[in-house]
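Each chain, letter by letter, is given below.
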Amino acid sequence: MRLALRELHRRPSRFLVATAILALISMLLIVLGGLLDGLTASSTGALRAQRGQLIVYSSDAENSLVRSRITPDVRREVQRAAGARNVSGLGSVQVGARVPGHGLRDLVPVVLFGYQLAPRQLPDVVPARNEVFADSSLEAQGVRTGMTITLGPARSPVRVIGFLDDSRYSGQGTLWGSLDTWRAVIGANRPSERAGVGVQQALVVQTSGRSASAQAAAIDRATGGATKALTIDQAIQALPGVSAQQTTFNQIIGVTVSIGVLVVALFFALITVERVGLYGVLKAIGASSWTLFVGVVFQALVVALIASAIGVVAGIALDIAIPPGGSIPFSAGAGRLITSTIYLVIAALIGCAFSLRRVLRVDPASAIGGSDV
Amino acid sequence: MLVVAIALLLFLILVQQALRDGLIDAFTGAINRQSAPVLVYSVDGQRTLQGSVITPSLQGTIQSTKGVGESGRIGQSTFTARINGAAKASVALFGYETASVGGPDRLTAGRMPRAPGEAVGSDGEFALGDTVRLAGARSAPVLRVVGLAANAEIQVLPTLFVSWSDYSSWVRAANPDASVVLASAIGVRPSPGTTPQALVQRINAASPEADALTRADAAQKTPGVSSVRSSFEVIFLLFAGVVPLVAGLFFLIITLQKARALTLLRAIGAPAGGLVRSLLIQALMVLGAGIVLGTLIWLPVSQATVGQLSLTFDAGAVLFWAVLLLALGLASALVAARRVLAIDPVEATTGGGGL
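If you're matching them up, the sequences are chains A and B in order.
Just remember that the working numbering sits 26 ahead of the position in the first sequence, which is counted from 1.
Just remember that the working numbering sits 696 ahead of the position in the second sequence, which is counted from 1.
Source of the hints: derived by calculation from the structure; they are not laboratory data.
Where hints are given, some of them may not hold.
To be verified - With a straight-line cut-off of 20 Å between C-alpha atoms, the simulated SDA-like cross-links for lysine to any residue are:
hint, chain 1, residue 1, chain 2, residue 2
1, B, Lys954, A, Ala264
2, B, Lys784, A, Gln260
3, B, Lys954, A, Leu130
4, B, Lys784, B, Gly832
5, B, Lys917, B, Gly937
6, B, Lys954, A, Ala340
7, B, Lys784, A, Asp246
8, B, Lys954, B, Phe928
9, B, Lys954, A, Val299
10, B, Lys784, A, Gln263
11, B, Lys954, A, Arg387
12, B, Lys784, A, Ala264
13, B, Lys954, A, Gly303
14, B, Lys954, B, Ile977
15, B, Lys917, A, Leu130
16, B, Lys762, B, Thr890
17, B, Lys784, B, Arg829
Nothing here was measured: the structure is a model prediction, and the numbers come from that model.
For reference, chain A alone in the conformation it holds in the complex (with noise of 0.2 Å):
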């Protein structure tokens, strides 16, 4: 371990290659990662916000809360089922926002929410009427408390009156505020998916206690099979593309990890047919070929560990340099670098295990001899 880590220490360009492949690597796998959580994140966040536990859509709606349709007969069936306290509605309408400052043509797109149960980090009494909570990453469009804006093609005004984080939804910045606000915007400019008196979207359900698959599983035995209830995961999953985005994602970041195994593989097959003399005087002197593998397991673990570092470091001053809602959808948290530091590591150990077999083969006597492996 004290011979490897001086080699380290003493010839740290022979190890530059290796090291800089096994960063852009990194880089990669932090740059997929990182990808794959930024749209999640950015279709998810409304879902994820929610106090309550199970989403109710309409059956028909294929659990698409665009679609989806709850009638008052509804509502009324699946507050007698889970407690008419548990029950609170839900809406939503994809709308261009104008911001003051912004150019003519130079809208926001914004989902508008409308609730009766707070989201997570909003106070639990709804926002008047044409009030509404903006989304953290619309700051970065130039919105700001107290600011008014306005909302689709009949310009329906809302004042902005605090902000929430990590609530973006398909891809788009939301506001939050009061069903009436969510009925009047919706009317007002999309007349063919006007909602009703009472209608709404979808139902948000606490379960107070209760197992939130057999709720839901009530739920939709309540009505009649004019329901169906979804924990917030299967929601989740549900929208579009969210469950291919991560099993694609997953599956490339595998084969990057494979890439890595086959990079370390090859570096220290070279290390060591490098040092096929070296090692032969070193057994020749009475070391185990153990100790000298270990040097190659430590010397793989501090160039992946560099390497990772300079990944880590990329992938921050991407996050950094890549606004929030921007155009590329990046988001690199302490969970994902973690994540493929641990990947790299792996893929770095594996790969220098097929030295293993080089290093048992090399003859003490080739130190004499000076034949060959």
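Dock chain B against the given chain A, drawing on the hints supplied.
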């Protein structure tokens, strides 16, 4: 090992390129497939059919703009439907008022709709004769697929081109609270002597509420498409960076392993240039084998469908990446070639032979 590595890298790049292209096609295929050379959204729609609403006054302004030849309303919404009575599925309806400005521009099978209730379906998801019924609403007309069009999906959903009246009926049946069904966009064909680009400028100048785009721009500037493109470009760039490094490392190992033989060859008079040529030929063969293997692995996979995305074998993309990887691989092999050139033949007589 390098053959497998190159094959794997090429395969990965091709998979990702096909996913990107498939995703973009499935997002915006119907926009490219519809026949109007110019699409006019409301500026509030943010260049999406789902978000755009054309008010009657804006429609009037568009249609009275100088240079407008033909025009017609276009509507687009998603619905839950049953195809041939099977389980419920999401479908997108693309309603058009006039076939020549909004209908599908060409079919792969069948014919254009002639009567109410007839539809053209995206050919990956529908077959001729399929019937499509709006789930949970008996009042909507049952649609029958009489024609098929390629790359005609929108929002990554099975898509049907239908008449405006069928589209309106479905919207009203799906939401009885709908007060009026407005167009999502106006499809426009310029009058003779006016180019689509010129018409776009005139319409945008006529109203600050109008957002006119040529067909190609409407597809390319759909929100999400640029995100998908830029995200994949970052990935491609990083992969392209890994290839020469892996190849360079590999050939360096090969050169080091053959150090003794190369020194001996130099000692008996082999010219350094000849040895470098051999190395490059070897690199060419190994890289070529990797590229062929990667392409062969990709060939059957490219016929598959991932979720609702159809992958396709794009010979142009294969050729582009093959040439690029070959060039990058050969360039990196030159590092090993430098080592070959540095061999001192005297080493062979002194018992050395290292590089």
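Going through the hints against the structure:
1. B:Lys954 / A:Ala264: 57 Å, violated
2. B:Lys784 / A:Gln260: Between B:Lys784 and A:Gln260 the Cα gap is close to 18 Å, so the pair holds against 20 Å.
3. B:Lys954 / A:Leu130: Since the Cα atoms of B:Lys954 and A:Leu130 sit roughly 69 Å apart, the hinted pair is violated (cutoff 20 Å).
4. B:Lys784 / B:Gly832: Within the cut-off at roughly 10 Å; holds.
5. B:Lys917 / B:Gly937: Roughly 29 Å between the alpha carbons, so the hint for B:Lys917 and B:Gly937 is violated.
6. B:Lys954 / A:Ala340: 38 Å, violated
7. B:Lys784 / A:Asp246: Holds: B:Lys784 and A:Asp246 sit about 17 Å apart, inside 20 Å.
8. B:Lys954 / B:Phe928: Cα-Cα ~40 Å, so violated.
9. B:Lys954 / A:Val299: Roughly 11 Å between the alpha carbons, so the hint for B:Lys954 and A:Val299 holds.
10. B:Lys784 / A:Gln263: 18 Å, holds
11. B:Lys954 / A:Arg387: 18 Å, holds
12. B:Lys784 / A:Ala264: 14 Å, holds
13. B:Lys954 / A:Gly303: 15 Å, holds
14. B:Lys954 / B:Ile977: Holds: B:Lys954 and B:Ile977 sit about 16 Å apart, inside 20 Å.
15. B:Lys917 / A:Leu130: 18 Å, holds
16. B:Lys762 / B:Thr890: 9 Å, holds
17. B:Lys784 / B:Arg829: 9 Å, holds
Hint violations for this structure: numbers 1, 3, 5, 6 and 8, all remaining hints satisfied.
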